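Single-letter residue listing:
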Amino acid sequence: MIVNSIKSFGQYCLFMTQVFRIPDKWREFFKSLVFEIYKLGVDSIPLVIIISLFIGAVICIQMTINITSPMIPAYSTGMATREILVLEFSSTMMCLILAGKVGSNIASEIGTMRVTEQIDALEIMGLNSANFIVLPKIIGFLIFVPVLCVLSMFMGLVGGWFIARFTDMLSVENYVYGIQSFFIPWNVYYSIIKTVVFAYIITSVAAFFGYYVKGGALEVGKASTNAVVSSSILILLADVILTKLLLQ
Amino acid sequence: MIEAKHVSKWFDGQQVLYDISAVFDSGKTNLIIGQSGSGKTVFMKCLIGLLTPEEGEILYDGRRFRDLDMSRKRQLRTEIGMLFQGSALFDNETVMGNVMFPLKMFSTLSHADQLKRAQFCIDRVGLKNANDKYPSEISGGMQKRVAIARAIALNPRYLFCDEPNSGLDPQTSILIDELLSDITHEYGITTIINTHDMNSVLGIGENIVFINKGHCDWKGNDRTIYKSTNADLNGFVFASRLFKEVKQYLERKYED
Numbered sequence: 241m242i243v244n245s246i247k248s249f250g251q252y253c254l255f256m257t258q259v260f261r262i263p264d265k266w267r268e269f270f271k272s273l274v275f276e277i278y279k280l281g282v283d284s285i286p287l288v289i290i291i292s293l294f295i296g297a298v299i300c301i302q303m304t305i306n307i308t309s310p311m312i313p314a315y316s317t318g319m320a321t322r323e324i325l326v327l328e329f330s331s332t333m334m335c336l337i338l339a340g341k342v343g344s345n346i347a348s349e350i351g352t353m354r355v356t357e358q359i360d361a362l363e364i365m366g367l368n369s370a371n372f373i374v375l376p377k378i379i380g381f382l383i384f385v386p387v388l389c390v391l392s393m394f395m396g397l398v399g400g401w402f403i404a405r406f407t408d409m410l411s412v413e414n415y416v417y418g419i420q421s422f423f424i425p426w427n428v429y430y431s432i433i434k435t436v437v438f439a440y441i442i443t444s445v446a447a448f449f450g451y452y453v454k455g456g457a458l459e460v461g462k463a464s465t466n467a468v469v470s471s472s473i474l475i476l477l478a479d480v481i482l483t484k485l486l487l488q
Numbered sequence: 002m003i004e005a006k007h008v009s010k011w012f013d014g015q016q017v018l019y020d021i022s023a024v025f026d027s028g029k030t031n032l033i034i035g036q037s038g039s040g041k042t043v044f045m046k047c048l049i050g051l052l053t054p055e056e057g058e059i060l061y062d063g064r065r066f067r068d069l070d071m072s073r074k075r076q077l078r079t080e081i082g083m084l085f086q087g088s089a090l091f092d093n094e095t096v097m098g099n100v101m102f103p104l105k106m107f108s109t110l111s112h113a114d115q116l117k118r119a120q121f122c123i124d125r126v127g128l129k130n131a132n133d134k135y136p137s138e139i140s141g142g143m144q145k146r147v148a149i150a151r152a153i154a155l156n157p158r159y160l161f162c163d164e165p166n167s168g169l170d171p172q173t174s175i176l177i178d179e180l181l182s183d184i185t186h187e188y189g190i191t192t193i194i195n196t197h198d199m200n201s202v203l204g205i206g207e208n209i210v211f212i213n214k215g216h217c218d219w220k221g222n223d224r225t226i227y228k229s230t231n232a233d234l235n236g237f238v239f240a241s242r243l244f245k246e247v248k249q250y251l252e253r254k255y256e257d
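Chains as they are written, first to last, in my numbering: chain A, 241 to 488; chain B, 2 to 257.
Extracted from the complex, chain B is given alone in its bound form:
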């Protein structure tokens, strides 16, 4: 479980996050949603520790991130997997090399066991015949899968995903969502997904935090979101005609 308590962040005197508190549960897909520029990426970077909030604190299963010394922070980081928006795969490594990388750097496994574990992760994300290919030789969807395989290589307790569906076609987006959801439930990971993809919100949003202009405006899940009276949230989530119809359908479905 990850807890954010009263997190505020400024850049050059300008406040971008205002007193955000949220709890992200283990074994659930936790979504941070919001418009572009709302501050959700900054909030996620604060959660990971890439940015330090000026006020507030982040707790990883009760461990206050700010209070940890350097070696404990590094230890904690080995428990974190991260899926970046652009995948952030190492260009000079093959698919296998990318998945092997955290194992080589942090595990005490033998080389044979590292290979076995890497192959398991590659198989788990459904990649076939791609081990010797470089990131530039595979599609965006495959790159995302490799990034997920690399992120889960060390059996992380916490998995962060920054807009995992950006740049992907709807079908591949759904596959990636399902994969993240499956992995989260299978290994009991605390998964936090930063997204503005409405399919993800309604498909895998077990715990949703809506960030609006740096404020935490709403909390709920995919079953309660359609009932919300928050105008900004409704304007954001059900902006298109299709999603307005989806909302009406969901209202009817859950009322019945």
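Next comes chain A alone, as it looks inside the complex:
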């Protein structure tokens, strides 16, 4: 298993050296880039909005229920909701969810191209297929993922605001005061940095699994599942390392 892991890592590194080359035609690259930004990024907006809105609301309810001590100020519910959203949810949890959507999409698309010989067709034409197919996906998602991260933070806070506004659990004034209290701007940057790293993991790992599929439709499905599992594990590992490096 260890030998296989080392082999796969070596193969992944070689694959990346093929991906990060100068595109054959810039015009075609930019066309693909815009398409991928739309497909991987813009198409993920509804999912990010819905999940963030509901999770923000749930976090707010949980904080209100659990922070009952009269020693703790009422606005701390808003503050805790903000911290959870900014520090972990909008970066790590959101990327774990996107690994499922975006990662499986990339792995299955590239895997299907492999088993239907479309990648061979590109190679025969003299194109660097890894660069042509994968680079726009990686760059496109890296460009758009900070937008998704900030949108997730905002919608999560809006979800909490709905709880304050439409229930009697806490007042809107306390909630709004809480989400502004003791705010550390660096936490937002930290979250965005993490998201960009996670986006790279999601796209490159999924592309790797898709690109080296052998067999037929069944193997494409397996590659898609493996891509999601592997990228999720790597995201969690990277989360620990980045938190230690950036917040200590």
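Where hints are given, some of them may not hold.
As the list claims (entries may be wrong) - Distance condition first, Cα-Cα at most 27 angstroms in a straight line; then the derived DSS-like pairs of lysine-lysine:
id : chain 1 : residue 1 : chain 2 : residue 2
1  : B       : 74        : B       : 105
2  : A       : 265       : A       : 462
3  : A       : 279       : A       : 484
4  : B       : 254       : B       : 228
5  : A       : 454       : A       : 247
6  : B       : 134       : A       : 279
7  : B       : 228       : B       : 214
8  : A       : 279       : A       : 265
9  : B       : 74        : B       : 129
10 : B       : 46        : B       : 214
11 : A       : 271       : B       : 46
12 : B       : 228       : B       : 248
13 : B       : 6         : B       : 74
14 : B       : 248       : B       : 220
15 : B       : 105       : A       : 271
16 : B       : 214       : B       : 6
17 : B       : 254       : B       : 214
18 : A       : 271       : A       : 341
19 : B       : 134       : B       : 117
20 : B       : 228       : A       : 265
21 : B       : 105       : B       : 117
22 : B       : 74        : A       : 454
23 : B       : 6         : B       : 248
24 : B       : 245       : B       : 220
25 : B       : 214       : A       : 454
26 : A       : 279       : A       : 454
27 : A       : 265       : B       : 6
28 : B       : 46        : B       : 220
29 : A       : 454       : B       : 46
30 : B       : 134       : A       : 265
31 : B       : 214       : A       : 265
32 : B       : 46        : A       : 247
33 : A       : 279       : B       : 74
34 : B       : 134       : B       : 105
35 : A       : 462       : A       : 279
36 : B       : 117       : A       : 271
37 : B       : 220       : B       : 254
38 : A       : 279       : A       : 341
39 : B       : 6         : B       : 46
No wet-lab data here; the hints were simulated from the structure. Keep in mind the model is a prediction, meaning the values are calculated, not measured.
Chain A is already provided as a structure; the job is to place chain B on it using the hints.
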């Protein structure tokens, strides 16, 4: 002209090609035939450069493929057209988009000229009213035609076809064979067709190489194949009762 000299190939220590040498002439339909699993697809992939043979060499009009640097290999690849078994059309492109693709990537033509050239190729393969359709919206035979149009878009010097008739009805198969033969003669292309379709063998086999269990067992053409005493070849080509009768008919015809 493409030459294969003493090509041998192994996979995981198991030899699949044994010292194969063959010459594929320009302006002729060259056929590689053999049973499923005989190694003909591996041999073709070695010829194209998708696989690297452990021994032997491939020469494209005297240019040794192995010795070419990356930029020359890429240049050579623009001279190659390939028709895949499953057509390998790009799903997210229309018929016109598929044929335009190599022109967009490699030609220096203006957009208007690219469109003109793509339309010429689409017309040449006899496709009508299909420009805006996606591969999933057209039949298998039409997909093959689109793949041929894409393969000839850049005026290739070499055309490779991997089982072009698989999955097609006999009538469409004959049309595809005739189209490949016409294009080969019209443009003087070196065409190599990997097939186990007997209609193709007897219809367009101007130069035939028989691969059997990884060995090159026989070479000839559609006029000499019926005379062959190679038992494996006869067993493969004239396996059915119909083709046994065809063989007897051909023997009588050419003896007369």
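We went through each hint and held it up to the structure:
no., hint, result
1, 74(B) <-> 105(B), "holds, 19 angstroms"
2, 265(A) <-> 462(A), "violated, 33 angstroms"
3, 279(A) <-> 484(A), "violated, 33 angstroms"
4, 254(B) <-> 228(B), "holds, 12 angstroms"
5, 454(A) <-> 247(A), "holds, 17 angstroms"
6, 134(B) <-> 279(A), "holds, 21 angstroms"
7, 228(B) <-> 214(B), "holds, 22 angstroms"
8, 279(A) <-> 265(A), "holds, 21 angstroms"
9, 74(B) <-> 129(B), "violated, 35 angstroms"
10, 46(B) <-> 214(B), "holds, 16 angstroms"
11, 271(A) <-> 46(B), "violated, 31 angstroms"
12, 228(B) <-> 248(B), "holds, 9 angstroms"
13, 6(B) <-> 74(B), "holds, 19 angstroms"
14, 248(B) <-> 220(B), "holds, 17 angstroms"
15, 105(B) <-> 271(A), "holds, 12 angstroms"
16, 214(B) <-> 6(B), "holds, 18 angstroms"
17, 254(B) <-> 214(B), "violated, 32 angstroms"
18, 271(A) <-> 341(A), "holds, 22 angstroms"
19, 134(B) <-> 117(B), "holds, 18 angstroms"
20, 228(B) <-> 265(A), "violated, 53 angstroms"
21, 105(B) <-> 117(B), "holds, 13 angstroms"
22, 74(B) <-> 454(A), "holds, 25 angstroms"
23, 6(B) <-> 248(B), "violated, 32 angstroms"
24, 245(B) <-> 220(B), "holds, 20 angstroms"
25, 214(B) <-> 454(A), "holds, 23 angstroms"
26, 279(A) <-> 454(A), "holds, 26 angstroms"
27, 265(A) <-> 6(B), "violated, 36 angstroms"
28, 46(B) <-> 220(B), "holds, 19 angstroms"
29, 454(A) <-> 46(B), "holds, 16 angstroms"
30, 134(B) <-> 265(A), "holds, 25 angstroms"
31, 214(B) <-> 265(A), "violated, 43 angstroms"
32, 46(B) <-> 247(A), "holds, 25 angstroms"
33, 279(A) <-> 74(B), "violated, 34 angstroms"
34, 134(B) <-> 105(B), "holds, 19 angstroms"
35, 462(A) <-> 279(A), "holds, 22 angstroms"
36, 117(B) <-> 271(A), "holds, 22 angstroms"
37, 220(B) <-> 254(B), "holds, 21 angstroms"
38, 279(A) <-> 341(A), "holds, 11 angstroms"
39, 6(B) <-> 46(B), "holds, 15 angstroms"
Hint compliance for this structure: hints 2, 3, 9, 11, 17, 20, 23, 27, 31, 33 are broken, all remaining hints hold.
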